[in-house]
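*Asks:* Top to bottom, those sequences are chains A and B.
Read in our numbering, the first sequence has 45 at position 64, and its numbers run on one by one without any break.
For our numbering, add 3 to where a residue sits in the second sequence, where the first one is 1.
I should point out that these hints are in silico values taken from the structure, not numbers from a laboratory.
All C-beta atoms in this analysis are idealised placements derived from N, C-alpha and C, irrespective of residue type, glycine included.
It cannot be assumed that every hint is accurate.
[As the list claims (entries may be wrong)] For lysine-lysine, the following DSS-like pairs were computed, each having C-alpha atoms within a straight-line distance of at most 27 Å: (1) B:Lys54 with B:Lys74; (2) B:Lys30 with A:Lys23; (3) A:Lys26 with B:Lys47; (4) A:Lys60 with B:Lys54; (5) B:Lys47 with B:Lys30; (6) B:Lys54 with A:Lys26; (7) B:Lys47 with B:Lys74; (8) A:Lys26 with A:Lys88; (9) B:Lys30 with B:Lys74; (10) B:Lys54 with B:Lys65; (11) A:Lys88 with A:Lys60; (12) B:Lys65 with B:Lys30; (13) A:Lys60 with A:Lys26; (14) A:Lys88 with A:Lys23; (15) A:Lys23 with A:Lys60; (16) A:Lys23 with B:Lys47; (17) B:Lys65 with A:Lys88; (18) B:Lys65 with B:Lys47; (19) B:Lys74 with A:Lys88.
[Stated by the list, open to error] What follows is a set of in silico ranges between Cβ atoms, one per label pair, in the way DEER data are often shown: (20) B:Arg87 with A:Asp20: 23 to 29 Å; (21) A:Glu(-16) with B:Gln53: 22 to 28 Å; (22) B:Asn10 with A:Gly35: 34 to 40 Å.
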Amino acid sequence: RKEVEQDPGPFNVPEGATVAFNCTYSNSASQSFFWYRQDCRKEPKLLMSVYSSGNEDGRFTAQLNRASQYISLLIRDSKLSDSATYLCVVNAGGIERGGADGLTFGKGTHLIIQP
Amino acid sequence: NAGVMQNPRHLVRRRGQEARLRCSPMKGHSHVYWYRQLPEEGLKFMVYLQKENIIDESGMPKERFSAEFPKEGPSILRIQQVVRGDSAAYFCASSATPGIEPQHFGDGTRLSIL
């Protein structure tokens, strides 16, 4: 089983629609979770951290389900500028391990917002 | 701009030459990470360094690759005797608190091997 698994897509979604995708992770010791976005092979940019209690930032909502070992990202009222690859990122190196594991990236979900 | 700075943005080398990639972390960050992204692939962790120490190099090839983060100056990723398969985007990231705070990425260095 891959450490971090995502549906590669592409997800073709009309502008204004709501879209959601999940990511599963295999390491139950994972402590930190993030969503990054990457545009056209540029550098990954942090979209949001994912907390146990969930996290909402404007049109974006992230949820964590530790029991089932998945995190989700929901985008409401999608914009053309949301078109990108969304990377699910997990860090198994919590503070007790000194964060020594770097980040484990999923291969990303490709989202295309259509006018 | 106090972001992560990488240079050069693009680097072209012939097979057998050496490539040196540089990364200056964000101000106040002392933890540096290097990642490689091959064409059509996801990001792969290579090495994690603190000042003057390699903490985790489990993702770095055993031969030809080395990394350092000296007391003064940027972190350096060095690739000796480059081969075509080394062509990739190399990203550097830094963080303030590893494992807790997210990592922030530089623009990357695109390495092309002729």
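*Asks:* All hints, please: hold or fail.
*Replies:* Structure-based check of each hint:
1. B:Lys54 with B:Lys74: With Cα atoms ~6 Å apart, Lys54 (chain B) and Lys74 (chain B) stay inside 27 Å; holds.
2. B:Lys30 with A:Lys23: 22 Å, holds
3. A:Lys26 with B:Lys47: 16 Å, holds
4. A:Lys60 with B:Lys54: 42 Å, violated
5. B:Lys47 with B:Lys30: 24 Å, holds
6. B:Lys54 with A:Lys26: 24 Å, holds
7. B:Lys47 with B:Lys74: 26 Å, holds
8. A:Lys26 with A:Lys88: Holds, because 15 Å separates the two Cα atoms, which is no more than 27 Å.
9. B:Lys30 with B:Lys74: 14 Å, holds
10. B:Lys54 with B:Lys65: Status holds; Cα separation ~21 Å.
11. A:Lys88 with A:Lys60: 23 Å, holds
12. B:Lys65 with B:Lys30: Violated, because 31 Å separates the two Cα atoms, which is more than 27 Å.
13. A:Lys60 with A:Lys26: OK: Lys60 (chain A) and Lys26 (chain A) at ~18 Å, within 27 Å.
14. A:Lys88 with A:Lys23: 14 Å, holds
15. A:Lys23 with A:Lys60: 20 Å, holds
16. A:Lys23 with B:Lys47: Holds, at roughly 15 Å.
17. B:Lys65 with A:Lys88: Distance ~24 Å between Lys65 (chain B) and Lys88 (chain A) Cα, so the pair holds.
18. B:Lys65 with B:Lys47: Measuring from Cα to Cα gives roughly 15 Å; hence the hint holds.
19. B:Lys74 with A:Lys88: This hinted pair is violated, its Cα atoms lying about 34 Å apart.
20. B:Arg87 with A:Asp20: 23 to 29 Å: 27 Å, holds
21. A:Glu(-16) with B:Gln53: 22 to 28 Å: 24 Å, holds
22. B:Asn10 with A:Gly35: 34 to 40 Å: Holds, at about 39 Å.
This entry does not satisfy hints 4, 12 and 19, going by the numbered hints stated previously.
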